[in-house]
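Undergrad: Sequence:
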Amino acid sequence: MMNVVAASGFSAVKVLRPLAMSLLAFSAFGFAVSPAEAAVTGEQKTLVFLVNFQENPNEAPLSSAEANSLVFGTVNDFYRANSYGQLWLSGKVAGLFTVPLSNTVCNDAAVAEAVNTLAVDAGVPIANYDRYIYLTTSTACSSEGSGTSSGLPSRASINGKFAPRVVAHELGHNLGLSHSSALDCGDVTLGDQCRVLEYGDSYDTMGNHDMGYFNTFQKERLGWLSASAAPKVTLVQQDGLFTLGAYEQNNGLPVALKIPRGADPVTGKMRWFYIEYRQALSHDSFLADRSYQAYRGDVTEGVVVRLATEGEQKSSRLLHLKPNSTFKQLFGFSDWEDPAMAIGDTFTDTESGVTFSLQSANGSTADISVQMGSGSSQCVIAAPVVSSVVGSGSAMAGDTLQYSVKIENRDSAECAASDFSVKASVLSGWLANTVTVNLAPGQTQQVKLSVTSASTSAAGSYSIPVTAASLVNANVKGSINLTYQVASSSTGGSSGLAANDDLVTISSKQAVTIAVLGNDTVPAGTQVTVQASGAAKGSVETLSDGSVRYTPAKSFKTSDSFSYTLSDGVSSASATVQISLVSSGGSGKGKRR
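Letter by letter, the sequence shown follows residues -38 to -1, 1 to 555 in mature numbering (1 follows the signal peptide of the UniProt record, and there is no 0).
Because the hints were derived from the structure by calculation, they are not lab data. Possibly wrong hints are sitting among the right ones.
Said to hold, decoys possible - Here are the simulated DSS-like pairs of lysine-lysine, each with C-alpha atoms no more than 27 Å apart in a straight line:
1. Lys499 / Lys516
2. Lys439 / Lys385
3. Lys290 / Lys231
4. Lys194 / Lys276
5. Lys7 / Lys284
6. Lys284 / Lys439
7. Lys439 / Lys368
What the hints assert, rightly or not - Pairwise CB distance ranges (calculated):
8. Val544 / Ser322: 30 to 36 Å
9. Gly480 / Ser390: 42 to 48 Å
10. Gly480 / Thr398: 44 to 50 Å
11. Cys68 / Ala421: 44 to 50 Å
12. Asp92 / Val434: 31 to 37 Å
13. Cys68 / Asp251: 30 to 36 Å
14. Pro216 / Ala304: 17 to 23 Å
15. Tyr424 / Asn20: 44 to 50 Å
16. Thr327 / Gln255: 21 to 27 Å
17. Glu28 / Val544: 36 to 42 Å
18. Gln16 / Ser412: 54 to 60 Å
19. Ser190 / Gly480: 23 to 29 Å
20. Ser253 / Asn20: 41 to 47 Å
Glycine included, C-beta positions come from ideal geometry on N, C-alpha and C.
Sequences are here, hints too, so could you generate the full structure?
TA: This is the structure in structure tokens:
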């Protein structure tokens, strides 16, 4: 059975008025843990349908080229950047299909079923795809789109409005995400009687109308923060001063703090404060347009705070750290596009005793002071983090591949050491070993796993889920997906991949797109993926054509560098890109030499 979520039209108004929603109450402090989510990564084979109705058989929602650019260009670029290169879309556009249904009726499921039938009759191999996107001319549905949130193939229906953020939002539902909401507690940040604003998180595509990165809680649910390619999230276990880098960058600095609030007294599930330092970079560049409007200052100067419950997919709540702003006093409701904690401000949670304050922020880093309060001496159990050191390989059917993974115990310092069983889940006829490790809180250990494919396995790429689970409570677990490439009998020798360093000059502090593959060696017919990281003074984003977009941060002065890796799924090659600012005029598009 599929769950369906309808995205009822995002507001186009730039100031969000709170909606009347359900009441939420908070209670006593305690500690518990809930299961980690399974990672959603890798290639998402996607089929895009162009659809109209019996009333308008000659009207197309988009051209095939426009649909391809929308989904496999813009939206794919967003998901690559959002997931740190761990998830991407591939596929094709099919249609135009005219369904024998009326556009005066709202029934996305019936439309999808009719399109599928027409597509099969037309010879479209729809069974080869896991995700279906239906781009329809306008219907009687009041929402801009809807999407299933469980099961494959998934369905995303886009109703006449083809903005990239609508497609990205519905695909988020397809991946298993619920809405990113806000919590309006009136004149306080947290209180006993609060309203949930369903689309209230104005930073997150799963919230409101701008196409911003998913928040930390949502990325945790997708498993994107467990991989070695991802930036770190700091689990706060004791009092201290903690430094965050810009949320949009992956330059070695943590991008979020995760602070325990205690267990929900009803469910026993752990609640967490999340703190991020959002900047107007890459897909969060829309934040620049919000500043200095409607009684606001620079909306990127502060830190963003959320509350969420582990294992509760609908629990993401943006908090307002300016509940008595000038805007609120003038208009009587909060401005949810400016909820960040300002420099010098302090918040204390009266329930848990946790206190945090923003000590400083400079556009590149933010320093946050945290005092844990009365609950700091208790043991906080958390899911272990699993990341790959060697996460892919190629061999003939029946051969054995060795993988290396790292397991990190994320329990608080007050907890005892724990035993974890590390196991790969394989297909029938395949073999894999199981490893047990004992880890103290904060300790990381690298383990080796052996996977042997069945001798009858067909050539192709196979996903190998690996789980590290507590031997005391199997629900306390973390996971990651590895890749086993069964080579064809004709495959052999080196792949011939070679990456060469690049020197890029820019004449102004503007984003530049770099064709990093231009001087690399990629054998004809070989498909490669590109993953870039490590920029210290800007952000990097891999685009759908394999190029990399570099965006200078406020801290960029004259130079920066980052590395990139290209892989064909069997072997890989890496190189470095040097960015230099020159004083000559020009458009700032960059020059390679």
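Undergrad: For each hint, tell me whether it holds in the structure or not.
TA: Checked hints:
1. Lys499 / Lys516: holds (8 Å)
2. Lys439 / Lys385: It holds: about 11 Å lies between the C-alpha atoms, which stays within 27 Å.
3. Lys290 / Lys231: violated (33 Å)
4. Lys194 / Lys276: At roughly 23 Å apart (the allowed maximum being 27 Å), Lys276 and Lys194 satisfy the hint.
5. Lys7 / Lys284: violated (43 Å)
6. Lys284 / Lys439: violated (37 Å)
7. Lys439 / Lys368: holds (13 Å)
8. Val544 / Ser322: 30 to 36 Å: holds (32 Å)
9. Gly480 / Ser390: 42 to 48 Å: holds (45 Å)
10. Gly480 / Thr398: 44 to 50 Å: holds (48 Å)
11. Cys68 / Ala421: 44 to 50 Å: For Cys68 and Ala421 the Cβ distance comes to about 45 Å; the hint holds.
12. Asp92 / Val434: 31 to 37 Å: The hinted range 31 to 37 Å holds for Asp92 and Val434, with Cβ atoms some 35 Å apart.
13. Cys68 / Asp251: 30 to 36 Å: Because 33 Å falls inside the window, the suggested range holds.
14. Pro216 / Ala304: 17 to 23 Å: holds (21 Å)
15. Tyr424 / Asn20: 44 to 50 Å: Hint holds: Cβ distance 45 Å, inside 44 to 50 Å.
16. Thr327 / Gln255: 21 to 27 Å: holds (26 Å)
17. Glu28 / Val544: 36 to 42 Å: holds (37 Å)
18. Gln16 / Ser412: 54 to 60 Å: Holds, since Gln16 and Ser412 (Cβ atoms, about 58 Å apart) stay within the stated range.
19. Ser190 / Gly480: 23 to 29 Å: Taking Cβ atoms as reference, Ser190 and Gly480 lie about 27 Å apart, which means the hint holds.
20. Ser253 / Asn20: 41 to 47 Å: Check passed, 45 Å falls within 41 to 47 Å.
Checked against the numbered hints given earlier, the structure breaks hints 3, 5 and 6 and satisfies all the rest.
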